[in-house]
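*Asks:* Chains as they are written, first to last, in the numbering used here: chain P, 462 to 911; chain L, 9 to 529.
You may find that some hints are simply not true.
The calculated lysine-lysine pairs, modelled on BS3-like cross-linking and capped at a C-alpha distance of 27 Å, are [as the list claims (entries may be wrong)]:
| id | chain 1 | residue 1 | chain 2 | residue 2 |
| --- | --- | --- | --- | --- |
| 1 | P | K726 | P | K534 |
| 2 | P | K849 | L | K438 |
| 3 | L | K493 | P | K726 |
| 4 | L | K405 | P | K642 |
| 5 | L | K293 | L | K339 |
| 6 | P | K843 | L | K350 |
| 7 | L | K489 | P | K529 |
| 8 | L | K90 | L | K516 |
| 9 | L | K136 | P | K843 |
| 10 | P | K887 | P | K907 |
| 11 | P | K726 | L | K95 |
| 12 | P | K907 | L | K405 |
| 13 | P | K849 | L | K350 |
| 14 | L | K71 | P | K657 |
| 15 | P | K843 | L | K489 |
| 16 | P | K642 | L | K100 |
| 17 | P | K657 | L | K495 |
| 18 | P | K642 | L | K71 |
| 19 | L | K315 | L | K339 |
| 20 | P | K849 | L | K495 |
| 21 | L | K255 | P | K727 |
| 22 | P | K849 | L | K337 |
| 23 | P | K657 | L | K339 |
| 24 | L | K95 | P | K657 |
| 25 | L | K519 | P | K642 |
| 26 | L | K516 | P | K642 |
| 27 | L | K124 | L | K187 |
| 28 | P | K910 | L | K489 |
| 29 | P | K529 | P | K497 |
| 30 | P | K849 | L | K124 |
| 31 | P | K727 | L | K138 |
| 32 | P | K843 | L | K517 |
| 33 | L | K495 | P | K534 |
| 34 | L | K519 | P | K849 |
| 35 | P | K910 | L | K484 |
| 36 | L | K138 | L | K293 |
| 37 | P | K887 | P | K820 |
| 38 | L | K339 | L | K405 |
Derived from the structure by calculation, the hints contain no laboratory data.
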Amino acid sequence: MLILICLFACLSLSAQVKDFYPAPQDDAYLSKLAAKYQEQYKANLNKLPSQNKQDLVEAYQHRWDNIKEKFDKKEVYTSRAAQEYLDRLVAAIRQGNPALAKMELNCYFSRSDVPNAAYIGEGIILFNMGLFSRLNNESEAVFVLCHELAHYLLRHSENSIQQYVSTINSEEVQAQLRNIKRSQYQKHEQLEGLLKGLTFNSRRHSRDHEAQADSMAVQLMRNTKFDVTGAYSTLALLDVIDTDTLNTAVCLPQVFNTAEYPFRKKWIARSSGLLGGHALVTDTTMADSLKTHPDCTKRTGLLKTMMNGWKQPVAVKFAVDSATFVSLQHVFRYETIEYAYLNDNYTRSLFLTLELLQKSPDDAYLVAQTGRLLNGIYGAQKGHTLSKVTDLPSPAYPGNYNLLLQFIQNLYLEDIAAIDYYYLKKHHPQLDGYAPFKTALEQSEKQMKN
Amino acid sequence: MSHAKKISFLTVLVLLLGLVSPALYAQAKLSIDKVYSAYLRNSGTISAQGQIKGYFFLYQSDKIDKHTNEYTLQILDENLNKVRSIKFEDSKKLNLLESAFNGNSISFLFKNEDNKTLDMKIYDLDGKLKYTYSRGYDKKTDDLMKQYETLHTDEGMNKNVFDMGEQGFVSVMPMREGKQRTYEVDYYSSQTKKQWTYVPTDDEERYAFAEYLGCTDSLIILEVMKKNRALSGNVTSHLVGINVVTKKKQFDLDYAGENYKMMPSYVAPLEGSPNVLVIGPYFDKDDNIGKDFSKGLAVYEMTTSGKVVNKVYNTWAGDFGRYLATNRKGKIDEVGYLYIHKVIRTPDHKLFIVGEGYKRQANAAGIAMSVLAGGNVGVTKIVVTDMVMMEFNDKYKVTGATIYDKTNNTAMAGVASDYNSQHVLANYLKMIGAFDYEFTTGEADNSAFAVCYSDYERSHEYHGQTFNAIRYNGSKFTTDKIQLKSKASTLRVFPAKAGSVMILEYFKKDKRLDFRLEKLG
């Protein structure tokens, strides 16, 4: 019990701690890690085969740029307690699979709210907080880790690069490209034909890779104590994970209606613009492929066929630390809000904040963060940089997020200042003891006077 | 600021189409981007009832044969999302002139130089071609072409193609018949394949220039200026209504025989009434509107049959003089004369009229040259001055006026500026794009709006072009300014949905075109 209490203290927040403060990021640690991986990346470049080497180097450079960005933008979470927990999950997988014991493998939590995890190269797996916080148990988390580990073990990323470079440099494709270049007419049509074949192959490989990774993941899980059926529940969750959980049409008037500045319906009205104000995705056959995780039903079917008759001697949902699992999930909901804000995505941060505010309307961090975000939106609109910190309504986003975006688009500067100020004022003086709240309120007062 | 700043939105740029995968590359060998590129031919706004609803980009995406190109018409919505990509084949010499949206269809007016046709193509919301209306163009429509090439109207706003609500679209084109100048009104249905043309047959004057002012369910309303000789200053102004059911002229009002004659410059249906509102400068009945000074601004309420049922006059010297230091001729101290750019009527029945000042000044360089060279090189110049916002109550009487300072800039100098009348000069300034007024953007009901204009700032903090807005939020005015210096080779600001502007930046070195929406502060 004492250990648990200490752990909670390290996490900056537990379910019981009222005022959340983000875990301080260890910049020196991040720089050290980035430098280490850069050395490794450079060493690996020297091992590339000589055939089409320049193209391969360029492809790996693209991959490295993406990895570097994760460190540069401080997406990798440096909380020691969270890292220790993740390391324990990985250790449990290694323990059940001795072949992995000496393997260079590094898993980190990413502060992204996107419900995803990824093997990004150089032996690095990123487990997004946005996905971890939505899982039901450790067996699901372990399935996610095993799935990404399988991509790593099966060298999917490296094989895709190799295959792509080989294809584009193959005599067949080069001959087609030469023909197209020589053509005076219908270049586009010919290229479309060529691209169609390449894209189809690439998509097919990508889907094959997912099924292969699922298959290997459950094999790895089978050797641990974690319940392998966590694979089914994870895929079922991923299938619907893009669904909104916040009804913005109800939430926005609830949160931002004040006696001094009553909520106006026109703030959430959609203009009847071109095609109803927004572009629409009308092709329903494309709907699944637009999901963060497509093909989940098919993948589940394949796993069920494969796992038919499987028995695990021990199959538990939690085998490492259920309390830490739950408390990390709680903290991560807040950390993703903070990271979206620091990463200049104010509308995403606001959406996540409003989601949590539904359950905890007087939470000091959430109230202050709402004020901080509206202050930021006010400043950006005034400085004509709003497009750099907010998303525009788009068919790519779910309906409730789009409505929040429309709300921001519909507000004039004086509306933002007043909504912000009167919202914060509702929580004054109750939250005055929370420094970020006081700062946000003072800032909003200044804006009101402008 | 010189009018040279006004780079057309139809700038031809070279860039890759989005369909080319950026990951496809090669070094010594061939890559996709080395064998293919697409060219942006035209771009512009898609508007409905004066509101920006989207944008179009016409790319030449392929060459089909010696005479034919493949084009890709990319349509973006008001939030810059790709809505549709329409691919079609057409002549090599194709230009997209304008586009309008009416709630159920999008119309595009193309100029086909090979076939010498003007093609109005109407697409449904799924991007399917519904109707094509084609008509030849020849010397008769030369003026229209020249207008597209040279005329500078409000940047990014439609010039000749307008939506008529759900029923269709209308275009108003200048025509030339020998030495005679006239006009033509074309109606294009978007509900059934139906098109008709109205050509005036009863104009006695040899020169008639029409401008679209607005429409009701049954009327297309134009302002028509008529005169008998090309260089004559003896101009008459007419308000012409064309009945869309009978396809005939419903009225042609020149207010002759009345105490005053008006030069209509704004028409709008009156809410809760079958009548329409007509606004414009007015003159004494014997005045020549091409030469004489207007007395003030008149506001008429008129029935759809053309009968004026209410007239309100605001004199420069009396009514406006209470708020602006104005003389009898309408000249305001420091500001000069006013050119009316826009009339805005709000839901609470207030009227706002946006004007911009211009005045004649002594041209020191011209005087010096005249003295030294002995010839007549023009001793005056015309400068464009400040913006003026005038407010009227629900009885159409002026209740306030505010001057918004901006840097004076020389719009024209030379002999022409010495002799021409104020009104001729103003129209010329408008035609060459010398005014700094850009456009007005706002809510559909005008409950909030922003009047946008350019300026040039010379201060310690900033030296360069600025984009400015006078914003009305339903109760008060505020101003906003965007400094236009950027790393881009070209930066332009275009109209966007209410409360926003679109900033377009072209990076020549990268052959990259970036566009983003920014809300006005």
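*Asks:* Does each hint hold? Answer for all of them.
*Replies:* Consistency of the hints with the structure:
1. This hinted pair does not check out: K726/P and K534/P have alpha carbons roughly 38 Å apart, beyond 27 Å.
2. Distance restraint check for K849/P and K438/L: the Cα-Cα separation of roughly 35 Å exceeds the 27 Å cut-off, and the hinted pair is therefore not satisfied.
3. For the hint pairing K493/L with K726/P, the CA-to-CA distance comes to about 38 Å; that exceeds 27 Å, so the pair is violated.
4. Between K405/L and K642/P, the direct Cα distance comes to roughly 69 Å. Violation of the 27 Å bound is thereby established for this hinted pair.
5. Straight-line distance between C-alpha atoms of K293/L and K339/L comes to about 20 Å, which keeps the hinted pair within the 27 Å bound.
6. Between the alpha carbons of K843/P and K350/L the distance comes to roughly 26 Å, so the proposed pair stays at or under 27 Å and holds.
7. Using a Cα cut-off of 27 Å, the hinted pair K489/L and K529/P is violated, with the two alpha carbons roughly 38 Å apart.
8. Of the supplied pair hints, the one linking K90/L and K516/L holds, its CA atoms being roughly 23 Å apart against a limit of 27 Å.
9. Between K136/L and K843/P, the direct Cα distance comes to roughly 41 Å. Violation of the 27 Å bound is thereby established for this hinted pair.
10. A hinted pair counts as satisfied when its Cα atoms are at most 27 Å apart, and K887/P with K907/P qualifies at roughly 17 Å.
11. For the given pair, K726/P sits about 40 Å from K95/L by alpha-carbon distance, which is inconsistent with the 27 Å threshold.
12. For the hint linking K907/P to K405/L, the alpha-carbon distance of about 38 Å lies beyond 27 Å, and the restraint is violated.
13. Between the alpha carbons of K849/P and K350/L the distance comes to roughly 32 Å, so the proposed pair goes past 27 Å and is violated.
14. The suggested pairing of K71/L with K657/P holds, with an alpha-carbon distance near 20 Å, which does not exceed 27 Å.
15. Between K843/P and K489/L the alpha-carbon distance is near 9 Å, which keeps this suggested pair within the 27 Å criterion.
16. A threshold of 27 Å between alpha carbons decides the hint, and for K642/P with K100/L the separation of about 20 Å falls inside it, so the pair holds.
17. Under the criterion of a C-alpha separation no larger than 27 Å, the hint pairing K657/P with K495/L is inconsistent with the structure, at around 37 Å.
18. Taking the CA atoms of K642/P and K71/L, the gap is near 13 Å; set against the 27 Å cutoff, the hint holds.
19. The hinted pair formed by K315/L and K339/L fails the criterion: a straight-line CA distance of about 32 Å is larger than 27 Å.
20. For the hint pairing K849/P with K495/L, the CA-to-CA distance comes to about 16 Å; that is within 27 Å, so the pair holds.
21. Among the hinted pairs, K255/L with K727/P is inconsistent with the structure: their alpha-carbon atoms are about 39 Å apart, more than 27 Å.
22. Between the alpha carbons of K849/P and K337/L the distance comes to roughly 49 Å, so the proposed pair goes past 27 Å and is violated.
23. Distance restraint check for K657/P and K339/L: the Cα-Cα separation of roughly 67 Å exceeds the 27 Å cut-off, and the hinted pair is therefore not satisfied.
24. With a C-alpha separation of about 17 Å, the suggested pair K95/L and K657/P falls inside the 27 Å cut-off, and the hint holds.
25. Our distance criterion of 27 Å between C-alpha atoms is met by K519/L and K642/P, whose separation comes to about 21 Å.
26. With a C-alpha separation of about 24 Å, the suggested pairing of K516/L with K642/P holds against the 27 Å cut-off.
27. Between K124/L and K187/L the CA atoms are separated by roughly 21 Å; this keeps the pair inside 27 Å, and the hint holds.
28. Among the hinted pairs, K910/P with K489/L is consistent with the structure: their alpha-carbon atoms are about 19 Å apart, no more than 27 Å.
29. For the suggested pair K529/P and K497/P, the alpha carbons sit about 11 Å apart, so the restraint of at most 27 Å is met.
30. Between the alpha carbons of K849/P and K124/L the distance comes to roughly 45 Å, so the proposed pair goes past 27 Å and is violated.
31. Pair hint K727/P plus K138/L does not hold up; C-alpha atoms about 34 Å apart against a cutoff of 27 Å.
32. The straight-line distance between the Cα atoms of K843/P and K517/L is roughly 30 Å, outside the 27 Å bound, and the hint therefore fails.
33. For a cut-off of 27 Å, the pair hint linking K495/L to K534/P stands: about 24 Å separates their Cα positions.
34. At roughly 22 Å between alpha-carbon atoms, K519/L and K849/P fall within 27 Å of each other, so this suggested pair holds.
35. Of the pairs offered as hints, the one joining K910/P and K484/L holds, with about 15 Å between alpha carbons and a cut-off of 27 Å not exceeded.
36. A distance of roughly 49 Å separates the Cα atoms of K138/L and K293/L; the hinted pair therefore is violated under the 27 Å criterion.
37. Under the criterion of a C-alpha separation no larger than 27 Å, the hint pairing K887/P with K820/P is consistent with the structure, at around 17 Å.
38. The hinted pair formed by K339/L and K405/L meets the criterion: a straight-line CA distance of about 19 Å does not exceed 27 Å.
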